[in-house]
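> These are the residues of each chain, in order.
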Amino acid sequence: MAAKVVTVTSGKGGVGKTTATANLASALAAENLKVVCIDADIGLRNLDVVLGLENRIVYDLVDVVEGRCRLRQAMIRDKRLPELYLIPAAQTRDKSAVSPSDMVRLCDELRPDCDWVLIDSPAGIERGFRNAIAPADIVIVITNPEVSAVRDADRIIGLIEAEEKGPARLIINRLKPAMVKREEMLSPDDVLELLAVELIGIVPEDENVTLSINRGLPIVLDGKSRAGLAFRNIAARLRGEQVPFLDLNDQGGLLGRLARLIRPGGA
Amino acid sequence: MSAILDRLLGRKKKSARQAKERLKLVLIHDRTDLNPGTLELLKDELISVISRHVDIDPAAVRIEMTQDGRQQRLIADIPLNPAGRRRVR
Chain A
-13 MAAKVVTVTS
-3 GKGGVGKTTA
7 TANLASALAA
17 ENLKVVCIDA
27 DIGLRNLDVV
37 LGLENRIVYD
47 LVDVVEGRCR
57 LRQAMIRDKR
67 LPELYLIPAA
77 QTRDKSAVSP
87 SDMVRLCDEL
97 RPDCDWVLID
107 SPAGIERGFR
117 NAIAPADIVI
127 VITNPEVSAV
137 RDADRIIGLI
147 EAEEKGPARL
157 IINRLKPAMV
167 KREEMLSPDD
177 VLELLAVELI
187 GIVPEDENVT
197 LSINRGLPIV
207 LDGKSRAGLA
217 FRNIAARLRG
227 EQVPFLDLND
237 QGGLLGRLAR
247 LIRPGGA
Chain B
773 MSAILDRLLG
783 RKKKSARQAK
793 ERLKLVLIHD
803 RTDLNPGTLE
813 LLKDELISVI
823 SRHVDIDPAA
833 VRIEMTQDGR
843 QQRLIADIPL
853 NPAGRRRVR
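Chains as they are written, first to last, in my numbering: chain A, -13 to 253; chain B, 773 to 861.
These are computed hints drawn from the structure, not numbers from a lab.
Be a bit skeptical, because a hint or two may be false.
[As the list claims (entries may be wrong)] In silico DSS-like pairs for lysine-lysine, Cα to Cα no more than 30 Å straight-line: (1) B:K786 - A:K162; (2) A:K162 - B:K785; (3) A:K151 - B:K792; (4) B:K785 - A:K(-2); (5) A:K167 - B:K784; (6) A:K167 - B:K796; (7) A:K162 - B:K796; (8) B:K786 - A:K167; (9) A:K167 - B:K792; (10) A:K(-2) - B:K786.
Pulled out of the complex, with its shape left as it was, chain A reads as follows:
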């Protein structure tokens, strides 16, 4: 095994980084791939609660980096998805406790014995973001179809290119097809034209996401949820499968065009 390291980032907070990381990791692990996810948001950890693993934390990322435990000891195994592991962030420290080279070292140690490493980046463009993208093979930028989120996504895409971690792949999260149809929300076409990056998925707004986070159960495990299906499709695209984009109600024409925008042969 030689894992690919995927970092999920956004610039703006609250657009769905942690939800996306938790669900992509769960979707990959559900395919019997060994996945380690790392919460790089030191001081504001949340990947543990979204995955429902908050009661099982003993050691965290900073303990590993500072040598208080071995890497294996900080990896919490998910009982529902035995191929899924979490390395939680420290809650009582700040981002300066870890450096980009610490993250590269840690991921290099993980690479030989897992299939995927998923890193949940903190918001912002400072140290925490640099830590999160340093070891990445693939960087996913997640945004919402809103002015502020798109602007921050553009800024972060520029920084990813400057760090030679590009080209970034884009997830448009929380899309409301009915609003797009009324032309009161930016469409996926609009966002792609503005950001000029490769799309890897569109996730519709879905109340079930809130429910799933309330329960600590990843939404990809809910067979009926639209958002869950969208995240499963993104996981499949990461694995190199060609999956058509979801038809988000009466928008076949629009999404058909989007599907053609995707370059074949992506990772």
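For chain A, the structure is supplied; the task is to place chain B on it using the hints.
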């Protein structure tokens, strides 16, 4: 009420179009660090340099930013006055 009237008369842009147009401008400046003031300054200086060598109509000069994928381009359109007109002067 007047907003509804505007909408009925087709006077108001849909908000998605406004969002896109606003973002286009914001992103150009975010990506390049060039604000409209600097662009004006650049235009004035270009005009003065070029005027030293060729006859141009300063009012017709257009400088604008365009987007080509993630690449920003500065496009200058500077129409030259016909050489004949210069001789007449």
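> Take the hints in turn and mark each one as holding or not.
Verification of the supplied hints:
At most 30 Å may separate the alpha-carbon atoms for a hinted pair to count; K786 (chain B) and K162 (chain A) meet this at roughly 16 Å. Between K162 (chain A) and K785 (chain B) the alpha-carbon distance is near 19 Å, which keeps this suggested pair within the 30 Å criterion. The straight-line distance between the Cα atoms of K151 (chain A) and K792 (chain B) is roughly 27 Å, inside the 30 Å bound, and the hint therefore holds. Proximity of K785 (chain B) to K(-2) (chain A) is assessed by CA-CA distance (about 27 Å); at most 30 Å being required, the pair is judged to hold.
A threshold of 30 Å between alpha carbons decides the hint, and for K167 (chain A) with K784 (chain B) the separation of about 17 Å falls inside it, so the pair holds. Proximity of K167 (chain A) to K796 (chain B) is assessed by CA-CA distance (about 21 Å); at most 30 Å being required, the pair is judged to hold. This hinted pair checks out: K162 (chain A) and K796 (chain B) have alpha carbons roughly 22 Å apart, not beyond 30 Å. Annotation: proposed proximity of K786 (chain B) to K167 (chain A) holds, straight-line Cα distance about 11 Å (limit 30 Å).
As the CA atoms of K167 (chain A) and K792 (chain B) are separated by approximately 15 Å, the hinted pair is consistent with the 30 Å bound. This hinted pair checks out: K(-2) (chain A) and K786 (chain B) have alpha carbons roughly 25 Å apart, not beyond 30 Å.
Of the numbered hints stated above, none is contradicted by the structure.
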